[in-house]
Structures are given as structure tokens and as C-alpha cells.
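Position chains D, E and B against the provided structure of chain W, taking the given hints into account.
Protein chains in written order, with the working numbering: chain W, 1 to 277; chain D, 1 to 277; chain E, 1 to 277; chain B, 1 to 277.
Some clues are possibly wrong.
Stated by the list, open to error - Straight-line Cα separation of at most 20 Å, EDC-like style, residue types lysine to aspartate or glutamate; simulated pairs:
| hint | chain 1 | residue 1 | chain 2 | residue 2 |
| --- | --- | --- | --- | --- |
| 1 | E | 226 | B | 146 |
| 2 | D | 120 | E | 255 |
| 3 | E | 116 | D | 158 |
| 4 | W | 267 | D | 255 |
| 5 | E | 212 | B | 219 |
| 6 | B | 204 | E | 255 |
| 7 | D | 212 | W | 146 |
| 8 | B | 226 | E | 128 |
| 9 | D | 267 | W | 124 |
| 10 | B | 212 | E | 146 |
| 11 | E | 156 | B | 219 |
| 12 | D | 212 | W | 124 |
| 13 | D | 116 | E | 255 |
| 14 | E | 212 | B | 259 |
| 15 | W | 120 | W | 158 |
| 16 | E | 267 | B | 78 |
| 17 | D | 226 | W | 125 |
| 18 | B | 120 | E | 219 |
| 19 | W | 212 | D | 146 |
| 20 | D | 212 | W | 158 |
| 21 | D | 5 | D | 78 |
| 22 | D | 226 | W | 124 |
| 23 | B | 5 | B | 78 |
| 24 | W | 226 | D | 144 |
| 25 | E | 212 | B | 146 |
| 26 | W | 204 | D | 206 |
| 27 | D | 267 | W | 144 |
| 28 | B | 212 | E | 124 |
| 29 | B | 156 | E | 219 |
| 30 | W | 226 | D | 125 |
| 31 | D | 63 | E | 91 |
| 32 | E | 212 | B | 124 |
| 33 | W | 212 | D | 158 |
| 34 | B | 116 | W | 255 |
| 35 | D | 6 | D | 255 |
| 36 | E | 120 | D | 255 |
| 37 | B | 63 | B | 91 |
| 38 | E | 63 | D | 91 |
Think of the hints as simulated: they come from the structure by calculation, not from any bench.
Listed below, chain by chain, are the residues.
Number of protein chains: 4
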Amino acid sequence: MTPGKKLQGLVAATVTPMTPDGQINPSVICQYVDYLVREQNVRNVFVNGTTGEGLSLSVQERKQLAEEWVHQGKDKLDHVVVHVGALSLAESQELARHAAAIGASGIAVIAPFFFKPTHKVRVEEMLDGIKEQIPTFQGVKFSDTDLLDLAQCVNKNEREQFAFLYGVDEQLLSALAIGADGAVGSTYNYLGQKTNLMLQAFAKPDLVLARKYQFLIGEFLSFVIKLGFGVAQTKAVMTFVSGIPMGPPRLPLVDASEEFTVKAKAKLESILWPDGH
Amino acid sequence: MTPGKKLQGLVAATVTPMTPDGQINPSVICQYVDYLVREQNVRNVFVNGTTGEGLSLSVQERKQLAEEWVHQGKDKLDHVVVHVGALSLAESQELARHAAAIGASGIAVIAPFFFKPTHKVRVEEMLDGIKEQIPTFQGVKFSDTDLLDLAQCVNKNEREQFAFLYGVDEQLLSALAIGADGAVGSTYNYLGQKTNLMLQAFAKPDLVLARKYQFLIGEFLSFVIKLGFGVAQTKAVMTFVSGIPMGPPRLPLVDASEEFTVKAKAKLESILWPDGH
Amino acid sequence: MTPGKKLQGLVAATVTPMTPDGQINPSVICQYVDYLVREQNVRNVFVNGTTGEGLSLSVQERKQLAEEWVHQGKDKLDHVVVHVGALSLAESQELARHAAAIGASGIAVIAPFFFKPTHKVRVEEMLDGIKEQIPTFQGVKFSDTDLLDLAQCVNKNEREQFAFLYGVDEQLLSALAIGADGAVGSTYNYLGQKTNLMLQAFAKPDLVLARKYQFLIGEFLSFVIKLGFGVAQTKAVMTFVSGIPMGPPRLPLVDASEEFTVKAKAKLESILWPDGH
Amino acid sequence: MTPGKKLQGLVAATVTPMTPDGQINPSVICQYVDYLVREQNVRNVFVNGTTGEGLSLSVQERKQLAEEWVHQGKDKLDHVVVHVGALSLAESQELARHAAAIGASGIAVIAPFFFKPTHKVRVEEMLDGIKEQIPTFQGVKFSDTDLLDLAQCVNKNEREQFAFLYGVDEQLLSALAIGADGAVGSTYNYLGQKTNLMLQAFAKPDLVLARKYQFLIGEFLSFVIKLGFGVAQTKAVMTFVSGIPMGPPRLPLVDASEEFTVKAKAKLESILWPDGH
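Chain W on its own, in the form it takes in the complex (with noise of 0.2 Å):
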């Protein structure tokens, strides 16, 4: 990893890598580092997170994907977070402390949803004091559609140094123009290149070409969402977009279906990107 590099960018939320028959598979990590730095241009990954079934896997799991991630991302990757959410308050401790011992760049955790705060609060009020309490508070994944809570994050942030990712990957573009500083989220794991692409074309700007590529992603995952997609169809895309077998999800999930792969391979090839591949 690269100490101190401002998180910034695209994120991929990574998928975790499983054998046939259900088990962790870390002994892909490496290709999967490979691929993403070299064909998907993409610098950063979130680990066991939702994307990555953290929540339906073991804590003895988590650990073993956590360091195969940071020992493969080395000198490779700028920055790997560990998610280290948990329903046991302990349990999520424990993570952190693991993350904080291997050198990962940082950890991640989702709000309580099982036993909820008892009022909704507005991620701009949580920001208030935040630096006193968490001083190692780095930033947040906002993954709403309300985007004037973002707005008003990001307003706050002036003088500040957090960062917010996007966590909606088919409007990244309007959270860009509101301030998101980069994104985290499972297209990147494929449509990262693309994505980047798009972020350089808002970058200089050039909103008419960021906004081609936003419509070609949207027009993929609207295809997708419509014949049911999550961690098991993304994990069907990866397979077939990298070459990596991702293996099959964990239960309650199940696999996705050979009739969505077949689709959702063909349309991905049938998109004419602005950039002719």
C-alpha cells in the first residue's frame, strides 16, 4: 500500500474468491490484484464487505482473506480496507484490531442493522465532533440517493480532510457533481476502466463524454437489475469479464443462473464505448 496517499478514486468492493464447494478460495488473490491493477486501472479494494459475503463468513475467514489481500497488494495496491463490521460488537473489535496489526490501510464498518440506533440521523449531523471522538475518522461510504445529505457532507468538509466515496454505482456522475471525491462499489471490479474514464472526462470537463459513459454503465446495470442482480450475479460477471473463477456464493445466497450469465455476457459486449473498445 502507499502510506498517507489520500483516498480518492475508484474502490473496487471486492467479491471473495470461493472453490466449488463453498470454501474460501485466497489462493486467487494474487491474479485478482493483477487484474485489477492492469486491466481495470483500479488501485483500491474494500474487503469483506458486502460484496465480499464479510458478514456470512467466519471471523477466522475474514482474517485469512484480510491478510491474503494486504500481503498480495503490496508495492501493487495504493490502499485495501478491511471491512470489520460485525453483529458482535466484540467480534468487530477483534477485526479492527487484526486489520490495524497486518498494515491494512484501513477499516470500514456498517452501521448496527440488527439492533438499531433508535433515530435516524442525517450523515451530516453524525460528522459533527467526529474528529474528537474517532480521530483516525478518515471518511464515509455514502451509499443514499439522497444527495443533499452528500452535498451538505461535503460542504462541511471544506476545511477538513474526509473523504466520501459514492457507494451508488449507477449515478456516480451526479454524485460527482455535488463533491464525491471517488466511489466504492462492485462495478468497478469490471467496469472500473471505463469508470475511470468517465471520472477523467468530468475531470477536465467534459460533461457530454462523462455523461456517455454514465449512460452505457446505467445501461448495463439496468439491464441486470431487471433479471435480478447481487453478490451472486456480480460474482458470475467477474468470472466471465476476468477469466478468475469466483466460485459460487455462499447460502442463503445461490448461484446465479447459466440464462442470466449468457445475457448479461452478451450485453456487456454489445455496448459501443465512446473509447471503441
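Same frame as chain W, but now just chains D, E and B:
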């Protein structure tokens, strides 16, 4: 109105002026038109919509208001769009015929909301073949935060001439980024001039400046939303900003509190806009 | 109608008969009244409610239907309750005055559902002091599955004389258990006689028999709900059960499919009721 | 435990006693068992469920608690059901094997709630062929207010031997009416004796008396629900009713306020029960 002029830019969703005892008060619409044009640089209005409490009015009242807006808007406004939606299809048809007869620029209808169509469709899907079914179809007021759907609509529209006007005022910049043509909303009654400056900055493109305007507009809306913000409160804000007495809302809505009005006024006056006003 | 008689037992939420081209068809209401009384042993009706598509009708049509029900129900029905709710409060008041003038037994209004009161109240809380505010208040059609709220309503009512009529037909027995006085629903149009047998069993009390009826009623409703069940389908069922042509629904509702009608008829005929019919 | 005895009547969803610093406190479970049997006449417990904060505990803690309940319940309780649900299927299987090994009466699992099955099924449909797939399947804790579904379950069960235990404590009487066999809930920890009197009244049947108990139980629950009622508050109530220190909840839950405890105690003591206690 200006015949043939494409509907774009800002459309004020007008409130319905009422007398203190709750009768409609068309006598101030002349003044309202001049205020919108001169103070807010807004030349399009959306009459009898949600902001105008259209569904709380009788058919007769709705006709009277539409007539007054069309009459007063002559040679001053570009477009007077009349909302004709009603739970009774027969009443809706009657209002549509009336709007055509008085020379309104267009009509709009809310989708059925008591008895509802049995399956949800994306707006994008709804556009398929719509010109064959509704030859006069001009566009959509899009009020969802699902911007993937909006982006696909805009994309489908490349060769056709539909207008996509965005209806979530607090995140208009995000919708512009993916190609919205303009906006319909209640805030353009009193923040139309500032929003026009945002549109100009976006057109340059000067995204940093556009974002600054969006932040500040969001700052005000975020503040009043926390206080409880609806049609009654919009009438109160409009009354103190424009100086035109907009009166109370109809039941089941109740008048904004004095406390709300004091706080909202103080907040609006505290904002320092980039144009120095 | 029977003046002064307390409203209890079953109330049929009537459908509005229409001609094939979608006009209201009051000419069959006389036949409809005789059918309810003779075949279903139901002597109370709820007119122009949701089942009657009241909100899709014009004010004039609603008045005409109310008049016909009151006229035909004279000396045959105990109660003709007219639903007078409308989005426009003025229209609702006009309908209420009309209902009083023609001698309806009572009126009912839906709570505001477009512009809504800003906080949810339990029905129980709503009853506090309601007699002071609405001296003619007689009771509530309770259509929620939150039976704690209903139980507390019934409890509050010990000394007063409100009627609590339950509106979720498929779980009426559960509401009776905690003290509901009767029921308003669309199924009493065609399963009124069977439901009356359930009420009799409950009154004995013979809970095993009551449960048997509830099971079988639920068996039919569960079956048609899976097929897609609404007002249009209720009209189709009523047409084949009563032999009275109820016609199509108004848009946005569309006619039940032929397939639905065939399946629903077969299901209803397949049920073996404890009374042997 | 009592082998072979059918699970019916009341099952207390137990809280997990904790020390003031948040560690589990199995030392009071012996006292807890005696209290339930002697004071509440409740002989079945549901351990490590939602009320027991099972999902906030580590696997090791859950095993330790299950062991203590089985050990202390020997010859005193009829059934000790251990909840073994977890987000990780492997952990859930491990807990299930452990429960079998220590001699628990049965296990229960929550349906997957992070990654969810892709379509909602009615419980009734789930029962089809379940004995072939899960030969040891004994019944369902049914916690929905959709009593049509419960009724159809009970109906399907005529020849088979499943238990349907209802989980919405405030409307148990309604579920009994349509055939529930008993109930699982947190209120049976402190209102078990009163609820048992309701069950007896219902069995006679004396519905008027049963309803009186349900009203009063609902009166208390309705009161505390308005104050904000969850697992933390249940622990507070249990502490003052039983005299056994149940301790604080685990984060993200926080301790009940002193104000809550004072008000809840006063309310509970103010209720005049039909049995004069």
C-alpha cells in the same frame, strides 16, 4: 405565452393565493406574475399542482385559477402548464379540455395514486412508443431520486424532443449533470434567481461555482426540512419573500407557525451568496 | 332503514354497478338490495367506498348512487352508510349534506391521504374527547392489523356507545375475539351468509366451528389474493355469484381477466362448508 | 426438561443477564429459572433469541448461556429452546450441533435477514413438504400480524403435529381465536402468570374474562411502547419485577432511562387485575 418555445430552465410550481378565510384569491396573480419575471427571472409556471393544492380545490376553482394565470401571463410568461390530474378520470378530462380551450401552454397529470397500476414501471420503459399513443406528449416531470432511471430516459431521448424537468429541488445539480433539461419546483418561487445563477455556472461549465449555489440552496432547504416543510410553509416563505399575501393553506394542511416563519426568514437572510446579494 | 338501530354485524361494502361502457348503472340496485337481504342475510351497506370506486366517480354520480341505495333500501335494509370522503374538503362537505338530506343512516370519511396529517396517531388516541368535537360520531371502521390498537379502542368504549367495525375480512374472527362489533367489507357481498354463520358460532361460543368458517373464507381469499385481487376482481366474483351484471371498473382499474374469473369460480364452488351448502 | 412433551402454552423469551460492565452473568440463571416457574408459572424458555441479544453475543458466550439454561432447567423446565440463528451459516450449524449435544429440547433459527431470499413466501407455503426436508421440524414462531397466513398454517396442520407459537404478545388472544397453540414472547417473563389466566379463561371459554386480561396486558404494553420499548427496557422491567439484576444491554443498545423505569413500574403497579392481585 411564447408559442413553440421549448420548455426548459426553471418552472415555478406556484402556490395558490388564498384569502384569510380560505377562498382562492386570483386578484394577486397579476402581481405574482410580475414578481416571478422581475425578481426571480422565472418565465414558466406550473399551476394547480401539489404546491398549488390543486387536489384540494374544486373543479370550478381550478378552472378559475388556470384562466387567471393564462390571462395574466400573456406576453409575460413563456409557459403556463396546468395540472389537470384528479382521482376521477372524467374530471381530469374536463380540466384538460378546459386548459386547451383557454390556451394553456400544456397540461400535466399526476399518475393514479389511489387505485394504482398493478406493477411499477421505470419511467424509461413508459416512454416506449408514447408518441404513437400520445402525439402531443412533450416530457416528464421527474421527481424521483433514482437518477439511473432519469439517465436512461435522457439517453432514449437523443433523437426525440422530450423535456425532462427535475422535481427534487435540493439535488438539481446532480440531475443536470446527467442531462436534465430544467426543473419544476416550489423553491423557484423564491430562489429562482439564485438557481438561475447555478444553471449559468453549470452551462459554462464552472462546476465549483454551481456547486456553491447548490450547497447554499441545500443549506436553506435542509434547515427548513428539519423544522417541518410543506406547502403551508412554502406559502409562508413566499409571503415574506415576495410581499404578496399568499394566505393560509386548505385543510387538512394548517398554517405555518409564527416560529417557523421567523426562523426561516432569519436563515434565508443569513446566507451569503456568491453574487454578493 | 331502521332508525336508532345500532350498527353491528355485517356491512357489505358495495360495488358500483356499471354498464359495459363504464357509466354507472343504478337500475340494478333494487335487485342488488334484494340479493343481499335474501341470499346473504346482509342488511347494512357501505356505499361509494373504496370497493364502490367512490373516489373515481364524480360528485354528481356519487349523489345519484347514494339516492338510489337509500330509496331501494327503504324497509329492506337496516343501515345505508354513505362514504363522503373526497380530496376536496368542500366536496366532502357537499356530499355529507346531501347524505343527510336524503336520509342516509350515516356517513363515513376516509382520513386525508394526499396531504396527510403530520404525525400518525393511534385510533385509540383519536377517540379522546371526540364526542365533544363530533357529537354525531358513532364509530370507526378499523382496517389495520394492529389489533392492540383496536383492543384499546374497545376498552375505552366500555361506557360509551361507539361501534368498531373491522375491515380486514380475512381475519375477522381475531377481531371479534378482542371485541369488534361487526365488520365492513367487500367479501360480505358474496360470503355474507357464511360469515353470518361464523358470527353465530362465535356468539355461542363454538370457537371450533367459527374457526372452520374463518379457515374456509381465508382459503378462498388466500387463493384469489395470489391471483391478484382488487375491486375489479370483486366485481367479477359478484357478477357470477349474484347473477347481477356489475360491469367493468373505472380506469385506472381494468377488468378482471377471464382466467381469473374461471379460477375463482372453480375455487369457490370447490369449498365444502360445514353447513353442507 | 420433559422429553416428548408437546411444546404449548407460554414460552418466555429470556433476557441475557449481564454484569454492570457488560459481561454475561450466567450465575443468576438458576434464580431466573426458579422465578419463572414459581412466580410466572412458565416452564418453557427461548434462549439467545432477539430478547436475549443472541446476535450481539459471541459464539462462545451463546454456548455458555445455552449450557447454563439446560443445566439449571433440568427437572424444573419442560422445554429449553435454543436460538442458533447467525449470519454465518457455519456458525449457525456449529451452534445447532452444540445445542443437540448438551440436550436442549429444540433449536430455532431466524430467517436470513442480511442477504435475503429473493421472494417473500407465506409461512403456509413454506410448510409444504417440510417434514420430508426437515424430519425434526416441530413448528413455527409466528410473529406477523397477518393472521390469515397463521390461520392457513393451523388449517394445514390438522393431521400433522406442528406447534404454532405466536410472537406478537399484545394480540395473543386474536391468535388463540384462530388456533395458535401458545406463545413465545418477552412479556411472559413478567406477565406470564396473568397471561396464563388469560389462556385459562380462553380455554373455558370465557371470552369476556380473556378479553379483560388482554386489555390490561395491552394497556401496559401500549404505555411502554409510547415511551420507547425494546430489549433494554425489558431488562429494566424484569429487574424490578423479579428482583434479579439483569444488567445493561450490549451496544448498540443502551440502558433504559431512570425515567422509563419509574414510569413503567408505576404503570404496572396501577393495574387492577381481575384476579385481585
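Holds or violated: are the alpha carbons of residue 116 of chain D and residue 255 of chain E at most 20 Å from each other?
holds (14 Å)
Would you check the hint for residue 212 of chain B and residue 124 of chain E, treating anything up to 20 Å between C-alpha atoms as holding?
holds (17 Å)
Does the structure keep residue 204 of chain B and residue 255 of chain E at a Cα separation of 20 Å or less?
Roughly 48 Å separates the two Cα atoms, so the pair is violated.
Taking 20 Å as the top limit, are the C-alpha atoms of residue 212 of chain E and residue 259 of chain B close enough?
Violated. Residue 212 of chain E to residue 259 of chain B sits at ~47 Å, over the 20 Å cutoff.
Check the hint pairing residue 120 of chain B with residue 219 of chain E against an upper bound of 20 Å on the C-alpha distance.
holds (19 Å)
For the pair supplied as a hint, residue 212 of chain W and residue 158 of chain D, is the alpha-carbon distance within the 20 Å limit?
holds (11 Å)
Are residue 116 of chain B and residue 255 of chain W close enough, with their CA atoms no more than 20 Å apart?
holds (14 Å)
Given the hint that residue 226 of chain W pairs with residue 144 of chain D, test it: the Cα-Cα distance must not exceed 20 Å.
holds (18 Å)
Can you confirm whether the C-alpha distance between residue 120 of chain W and residue 158 of chain W stays at or below 20 Å?
violated (25 Å)
Restraint check for residue 226 of chain E with residue 146 of chain B, where alpha carbons must lie at most 20 Å apart:
With a Cα-Cα distance of about 15 Å, the restraint between residue 226 of chain E and residue 146 of chain B holds, given a limit of 20 Å.
Taking 20 Å as the top limit, are the C-alpha atoms of residue 226 of chain W and residue 125 of chain D close enough?
holds (12 Å)
For the pair we were handed, residue 267 of chain D and residue 124 of chain W, check the Cα-Cα distance against 20 Å.
holds (18 Å)
The structure fails to meet hints 3, 4, 5, 6, 14, 15, 16, 27, 35 from the earlier list, while all remaining hints are met.
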